[in-house]
Amino acid sequence: MTTIHSDPLEAVAGIADGATVLVGGFGMAGMPVTLIDALIASGASDLTVVSNNAGNGDTGLAALLAAGRVRKVVCSFPRQADSYVFDGLYRSGDLELEVVPQGNLAERMRAAGAGIGAFFCPTGVGTPLAEGKETREIDGRTYVLEYPIKGDVALIGAEAGDAMGNLVYRKTARNFGPVMATAATTTIAEVRRVVAVGDLDPEAVVTPGIFVDRILDLSAAPADVADAESPTSQEVSA
Amino acid sequence: MTTIHSDPLEAVAGIADGATVLVGGFGMAGMPVTLIDALIASGASDLTVVSNNAGNGDTGLAALLAAGRVRKVVCSFPRQADSYVFDGLYRSGDLELEVVPQGNLAERMRAAGAGIGAFFCPTGVGTPLAEGKETREIDGRTYVLEYPIKGDVALIGAEAGDAMGNLVYRKTARNFGPVMATAATTTIAEVRRVVAVGDLDPEAVVTPGIFVDRILDLSAAPADVADAESPTSQEVSA
Amino acid sequence: MSALAVPTTTTEHTDRGPLDKHELAAVIARDIPAGAYVNLGIGQPTLVADHLPQGSGVVLHTENGMLNMGPAATGDDIDPDLTNAGKVPVTELPGAAYFHHADSFAMMRGGHLDVCVLGAYQVAASGDLANWHTGAPDAIPAVGGAMDLAIGAKDVLVMMTLFAKDGSSKLVPACTYPLTGVGCVSRVYTDFGVFAVGSSAEGDPGVVSVLETYGASVDELSARMDVELRPL
Amino acid sequence: MSALAVPTTTTEHTDRGPLDKHELAAVIARDIPAGAYVNLGIGQPTLVADHLPQGSGVVLHTENGMLNMGPAATGDDIDPDLTNAGKVPVTELPGAAYFHHADSFAMMRGGHLDVCVLGAYQVAASGDLANWHTGAPDAIPAVGGAMDLAIGAKDVLVMMTLFAKDGSSKLVPACTYPLTGVGCVSRVYTDFGVFAVGSSAEGDPGVVSVLETYGASVDELSARMDVELRPL
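Chains as they are written, first to last, in this note's numbering: chain A, 1 to 238; chain H, 1 to 238; chain P, 1 to 232; chain D, 1 to 232.
Treat the hints loosely; a few may be bogus.
As the list claims (entries may be wrong) - Straight-line Cα separation of at most 20 angstroms, PhoX-like style, residue types lysine-lysine; simulated pairs: (1) Lys154/P to Lys150/A; (2) Lys133/A to Lys150/A; (3) Lys154/D to Lys150/H; (4) Lys150/H to Lys72/H.
What the hints assert, rightly or not - Pair by pair, the computed Cβ-Cβ distance ranges are: (5) Gly70/P to Arg141/H: 52 to 60 angstroms; (6) Ser2/D to Ala67/H: 34 to 42 angstroms; (7) Met28/H to Asp219/P: 22 to 30 angstroms.
As the list claims (entries may be wrong) - Partial list, computed: chain H residues near chain D (C-beta under 8 angstroms): (8) Gly113; (9) Thr182; (10) Pro202; (11) Gly209.
Hint data in this document are derived by calculation from the structure and do not stem from the laboratory. Yeah, the Cβ is synthetic: ideal placement off N, Cα and C, and Gly gets one too.
Turn these sequences into a full structure, and let the hints steer you where they fit.
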C-alpha cells in the first residue's frame, strides 16, 4: 500500500534516530532535495547515510551533515570541490566514513533488496578497500566477499508516480533510485507529478509499487518545507 | 555491434557442437520458436540447453531433444503433461538433467551477466537440491552458495528491436529474455518487428543493445526455415 | 514481519465443515490483510482470488513477471503473451507492471511480498514444507518456483486437505517427503481447520496452534494426528 | 577477448612528439575498434570522443546509467537530469538507453564493454593500476567508480603523461600508490609512447612492450625508466 502526500514533513514522519537512510541521486540528478530538507526539519539524528556523495555546498546532504544529524556516511565519493562541510566534520573526527566502490555500493543494495546473503565480487581485489575482507579464487579469478547494505528508509527522487506506487524516472536521474527502493524497509519517493493509475505504461514502469511506501507529490507540496504543517504521528518501521 | 537478419539459418550460424545454449520463454510466451527451428536445421549437437522447461509436444525444444542434439538440460520444470519427448530420453538415460529452482536459474544467469563469482542464496536450503553445496549462516539465516550459469549463446524472443540492438518485450513474454541476453557470449533475438533507431523510447528499452549480437526480423523471415538459404560461415565465439 | 491477524481463542465450528475448496479459499481470502502483495500458487490457491472483497486493495504478483494481475482471460481477451505462473492466460489491471525473471524472483526472495499461498504434500509442525516431490524413485524431479515461493513472502500460507487419501494427516511431526523449504510456513489452511506452525505457533517448538476447526473438535482432530495440537 | 589491433613492429616517431593531450586522444581514438562499446573516464579521456571518426559506430557508455551518450550539452540543451559520470551535462543520441546503477555496473563488471579509457597516477608493468589515491595520509579517500572501471572492460587503456612533474616515470616496475586494480590495464597511452602491459605485453612478465614512441627512441625512454622496455 502506497500513500500519497503533499506535506514533506508528513512524508518523512517517523524516521527514527539511529536509522540507516539511503539517499538517491548522483550529483543533483535524482537527488530528493525536498525530502532531505524535511528530514532535517524532522529532527532525526544519529543517522547513517548511504549515498553516492557526501553533500555539496551548504544545502541538501551537506545541510543534514552540518546540522550534526549524521553519525556515519557510506559513499563512493565524498571528496569534491565543494564538499567542505563533509571535509570539516571528517577531519575533526565527528563523522565516520566507509568508502565503497560505486558499483559495489549499487550491487550491495541490490543484494539487500534481492535477499542475497553475500556475493563474491571482482571489484577492488588487491586494493586497500578489500583489506581484511574474505577472498576466494573461482574459475581462476579472485573475488572479494561483499555483504548487503540494507536501509531502514530510502529517500529517492523520481519523475512521476501513481497511487499504486509505480515510479518512472527521467534520463540519468534514474541512477540509484530503483536500487535503493528495493533495499529499504520504507521507501519514500518525491515525484514531480502524480499521475492517474493506468497512465503509466506497465511495460515502462521502472520501480513497481511494491517497493514504494510513500510518495511526496512535489506539484502539490508547499515551496518551502518551513511552510508545511507539523508531522502526524505516522510510524516508520525500522 | 548488432546485425539484423531475415534468414533464420544465418541468424544462428556458427553455434558450435558442445555449446551451452540459453533458451528464453516461459511456456510459449517469449519462446524463440523460429530460432530453435533454425538451430535444429543448423545441425549443432551435443548441446547443453538452459531453459525453464524441457519442451512440450513435438515442436520447439522437444523437437531439438527428439533430434538427439542435446546432451544436458538445465531447467526448473522438465516434467509437464506433454513433455513425453523429454521424459523418454531422461528415463532411457540419454539425457542429463540438472534441476534448478526457477529463481536460482534466473539469478545464476544474472550473476553470469553481472560478473559475480558466486552468491549466497536462501532458496533451497535444507532441500535435496542443496545437497553437497556449500552453506553458510549469515546474520542468523542459512544460505547456499550458488554459481553463475553462463551461455555460449542465448536465443530469446522479443517484441521489437532496432539496429542498435535495443529490445523491448511484451507483457509476461519478457520473462527470461533480458537475463539471458546478459549471460551469453553471443545473444540472438527474434523480434516481431524491427523499428528505426530512435523509435524506441530510451526510458523504456529493457535490453540495451550492448547485450544483443544478432536480431532475426520475423516480419522479414520466410514462413518456414526450410525455405531459407543455407547459412553463411559467420562465426560465433564460444 | 507477519501482518496476519491472530485470533485470541480457538473457534471450533461444529455447524460447518469440513470445508470444500471454495469455502477454504474464502477463509484464506478473509485472512489476507487489505492492501497486501500476494502470490497465489498454481492450482487451488488461485481460487483465493475469487473471494477477495471488492476494494481490498490486494495486489497479485505472478512470478513470471507481473504485479497487479487480473482474473483469468476468456474469449477475445486471451493473449499468449500474458499468462500466470501456471501458464493460464490472465488479464492486466490498471497500475500493472512487468519485469523480468531475475527481478521478479529478487522481489520474492527479498521479502517484499506479504503473503504467498501454496499447496502442499506435507507440512511439519516446525513449518517445514514438502510440496515439490513425492520422493518416488521413478519420478522426474521438477521444482519450478516452489522453493523460491516457499521462502518468498513474509507469510507463507499452505492450502491443502488435512488428510491424505489413506487417512493419514498431512500436518506431521516431521516431513517424510523431500523438503521444499525449512521452517518457512506460518499457517496451514485445511478443510478441517486452520493451524499456526513454526515460529507462528505459540508455545513449545513442535507443537501446533489450532486457530479454528471445521466440522470437528480439536480433540477429534488430535485423535487422528501424530502432531501435538494446542488450542489458543 | 581483446579487440585491439596489435602492430607487428615498433614505430619510433622522431618527427613528432611528445604529444599534447589532444594528439594523444586522437591516437587512442584511432585504436578503438569500429562499433566498440566504450567508457571514457572523467577528465582527459573524455577528449577521445572528439576524435572518433564519423560513422565509427562507437557507442559510449556512462556508468551513471546510459548507453549511446552524445557530446556535452551547451546552451538550451543543458538538462540537469542528463549528465555524464563527471556530472557534466551531456546529450542523448538516437538509440540511447537508460538503466539504473546496479544494471549499469553489472554491465561493466560482467565484461560487456570493449574498451575503457582511464587516467592514472601509476601503471605497473604487470598491468596494475593506481589512479584513485595518492596515499597521502591527510587525503580523504574517494574512489567513485574507479575500481569498477578498472576491471570493467575487455581492454582497459590508460591515458597519462609518461613522466611525473619530478621527472620520474609513471610506468613502473611496481606501483607505490594504493592500487585501483590488479593486472587490469592492457595498454598505456602516453605523450612519449604507447605501451602494452600485463597480459597484453609479449614475452616475460614484468617486461613492457613498446608499440610506438613519440619524440624519443626506445633507448632514450629506457634510460629514463626503471621498467624494462622491449620493442616488438
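Note to self: Need the list of violated hint numbers for this structure, in ascending order.
What the structure shows: 5, 7
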